[in-house]
Amino acid sequence: MSLRFNRRSILRGMLGGSAVYMGLPALDVFLNGNGTAFADGAKLPVRFGTYFWGLGLTDTPTGGTRWVPKKVGADYEITPELESLAALKSKVSVFSGFRVIGDGRPNLVHWSGHASILAGTAPATATRFAGPSFDTNIAAAIGTSTRFRVLDVDASVSRQPVSYSTLSGGSFSTPETTPLALYTRIFGNGFQDPNSANWKPDPSIMLRRSVLSAVTDQRRSLLANVGRADQVKLDQYFSSLRDMENQLAIQLQKPEKCESCVIPKAPAEVRRSASVDVVNANTKSMAKLLAMAMACNQTRVFNFVHTAGASETYIAGQSKIYHQITHDEPTDAQLGYQPQTSKLAALVMQAFGDFLGEMNAIKEGAGTLLDNSLIMGFSDTGYAKIHAIENIPMFLAGGAGGRHKAGQHVASKGDAVTRVSLTAMQLVGAPVGEFGTGTMKTAHPINEVMA
Amino acid sequence: MVCAAVASAAVLGGSIGGAAPVAAQSADGPVKVGIRRITETQYRHTIADVFGPAVKIAARFEPEKREGGLLALGSTQLSLTSSGFEQYFALAGSIAEQVLSEAGRDAAVGCKPVDATKSDEACSRQFVSRYGEPLFRRPLTQSEAASLLKVATAGANQSHDFYAGLKLALTSLLIAPEFIFRIETAEPDPGAPQQLRLDGYTKVSRLSFLFWDTAPDAELLESARSGAIHTGAGLRQQLARMVASPRFEAGALAFFTDMLQLDGFDNLIKDPATYPKFNQSVADAAREQTRRTTIDLLIDKRQDYRDLFTSNATFINRYLAAVYQVPFKSAEEWAPYTFPESSERAGILTQVSFLTLFAHPAASSPTRRGIKLHEIFMCEPTPDPPANVDFSKVRDSTKGTVRGRLLDHMENTGCAGCHRRSDPPGLALEHFDGLGQLRAQENGAPIDVSTDFGGTKFEGARGLANYLHDNPKIPACLVRNVYSYGIGRKTTSRDEGYLAEQAKAFAGNGYRVPDLMVQIATTPQFFALNVTSNVTAEPQPGPAAAEPPQQSAGAIQ
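Here the protein sequences come in this chain order: A and B. In this text, residue positions in the first sequence follow the numbering used here: the first is 364, and each later residue adds one. In this text, residue positions in the second sequence follow the numbering used here: the first is 990, and each later residue adds one.
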């Protein structure tokens, strides 16, 4: 086996070819002065979040749909699995009939769906996305003037923490996995009460910044002579370092007053169980904390995972997990669908309804936090029994500061899911004209829902 | 190539080794041929070695990722996320506070400032090089030392506290990519100047992380500095020292914890209604049992690796005794225990760890157990299930045993390919429920544990243990895992010849694991440049390089 390589050829192999360019975000807290909102009564900021749950919703090939409304456009009817959205129907748009188009790439079960929605291209392997997830685009556009560019949360109590947010396609964010951990991250060390009367800059923060500058000094020599894959890793490292610098820079500035900001009490530790009642309770208490993090101007972007792709949640005491049930349960000949699966789908959707309810409970300006937010809810599959990547349920909730004409049902006849993703990006003001590659490349957002 | 002495003796006056450190470097720096993030245990071991075991490390580490069956391979793909950076940054500050506490600072710094309310260049310089080298696992460059001195000086002057400046410099060392990542670098090979070889510091890091799960010590760094590590005699001398060191146990333990996927216990969930005996103490005990058994058998007693599957000698504590339904009479926390010959339990596959890790929250899973058995011990990953599967024949699992349901899969053309392979060994373990408790019935029906595994028929866990003991794929897979783990790269078809040779040598030395590790580290292939990992991020073709199955992807019963 040949183990030696000519240096020139190695350098060619490593440094040549198609380089991957990672946009390092500008430290723009200084540029826009952190004063785009709040105190002077100017326009309230728009927030963006993704909300993911596993195993889709029930829409059987025999026509037994449990979620797709018949009525298209405004004032769609509430279907059984959308029951939890009834109270907020006018603030939620439903997107049915959108699909993943692989352009020859296989359907990697419980992966291709959300990987395509987020990265715009069907993935080649089930451990990576084809590129960055689009929430990172939005965070670069609207997330740099708050302490946290983005908060990642996983309520699923899974074997591994789950996040589908990635800058590189290969390395995923590290989510907070308990309400207490999320609380500590937001309201623990480093939190500055925006409504405090006696704010003073903390001089130790300047010193902590100097620690980072010693690392940044070496950036150039570190990035010299480095291969493509390693460069991506180092770029992500330095991007994370800049986020930290940004955090410290923001902590040196007097925070804007936030009328809706009320610092919550620390939540209790929760029981570690993946049963759906526990996951839903987690979701609700984490939603409260996320909502307050946004009301207190700590972040404007979040990614929330209710359950992972091949969801392991279950009804307490049942031996089968949800994922198994979607595959094993026969379709009831009379009903035309799988009754247990549909029951679990409705339970899982209850959490989404509750989540939006928490966002809607915070008054902000003339409306609510939800009115100033856009939350994209989506899943990994359409009809889970057959791992369908057609008709993946997708939702856009919240008013996006008046830009989203919410409360509509958009029924597509097989358009790419990337259209919904592009719509979300444009609704919150990310400077993006097109999204996706191959057949899923699109420059056409869904105009019906854009004001 | 322009070589420069990048760190002069003057800059690194207080360097531990004493000799003038010289790192090979071109005009634009050394060629970096691989980067992988250090693991949580490597971080912990390094901090304990450099600053002493009393330093507390309280942080949430970044999650690791398994590729090709190993976290060690996943670590080559990982970077540091924003939330991870926050954690490492806070941790670095906390370590610096502890190391430079009023009580500890004299011992930690080794020199005294002229005036403790001001910066002191000579003493800062000494401090920075004293810790820079063991943390970066190579001497600091002149420019790195200068940056750190600048931080220490400015910090001391601003806060009128010499030690506050040192804390900042140390925090900076601990958050630097050169500490958090293992950056492998290459230099021109003096024997063949047109070719590259790993430089000495990279070589000793590979050795140290494999054998000790920590950064190289002063003697290893010295053998890199002197070039002795590039010679056969120098390498053998270090290997003999490493394998004889008490740290070797930590290195072997890290390897087996990774290979056996014992990290799964960190987040293991069981349904309390179904398994009321399960709690975190049981989970911790199950992991510890497997670790103790493995180290005792393979490292301390130097037994045949294959005995891992058949040996009925193990260790238990009070929690496990309850699950195993055996008496626990010791006053100690842990006690040796040997299952009687009549017991169905023998070997690692019948321990609670394997049985409970690879099961559902409220049920056993022959398929998961079978998939993991193939993946972990035979290096045979199972492909993802087909997306469009006909489940119409699948029966209701509230009746009868799981066997009937799986037999349906084995007759279904879409499922058969994988389930025929994965399920038979799992069915042999069906006398153990999802927590590893012995049972004879499921839903009132007796459980049949006879099986046909690739044409070999046997009965139950003991039959499986004997079958695996004599299966040549088992030691061959260990060889592959040790090699991949050490070099941080998936093996490809080009490695097959080498691996076959190593497997033969492993058999020749009686399947002793310490000898295997030394044997692999002695071959030139152990210090090969991992160029493929940089040239392409996509997986290599070949059976060993196939993607591992995703967490419970598809129809896993």
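I should point out that these hints are in silico values taken from the structure, not numbers from a laboratory. This one's a predicted model, so the numbers in the text were calculated from it and none came from an experiment. Please note that the accuracy of each hint is not assured.
With a cut-off of at most 25 Å between alpha-carbon atoms, the simulated SDA-like pairs for lysine to any residue come out as follows [said to hold, decoys possible]:
id: 1; chain 1: B; residue 1: Lys1266; chain 2: A; residue 2: Met569
id: 2; chain 1: A; residue 1: Lys647; chain 2: B; residue 2: Pro1261
id: 3; chain 1: B; residue 1: Lys1107; chain 2: A; residue 2: Met569
Checked hints:
1. For the hint pairing Lys1266 of chain B with Met569 of chain A, the CA-to-CA distance comes to about 52 Å; that exceeds 25 Å, so the pair is violated.
2. Annotation: proposed proximity of Lys647 of chain A to Pro1261 of chain B holds, straight-line Cα distance about 22 Å (limit 25 Å).
3. A threshold of 25 Å between alpha carbons decides the hint, and for Lys1107 of chain B with Met569 of chain A the separation of about 18 Å falls inside it, so the pair holds.
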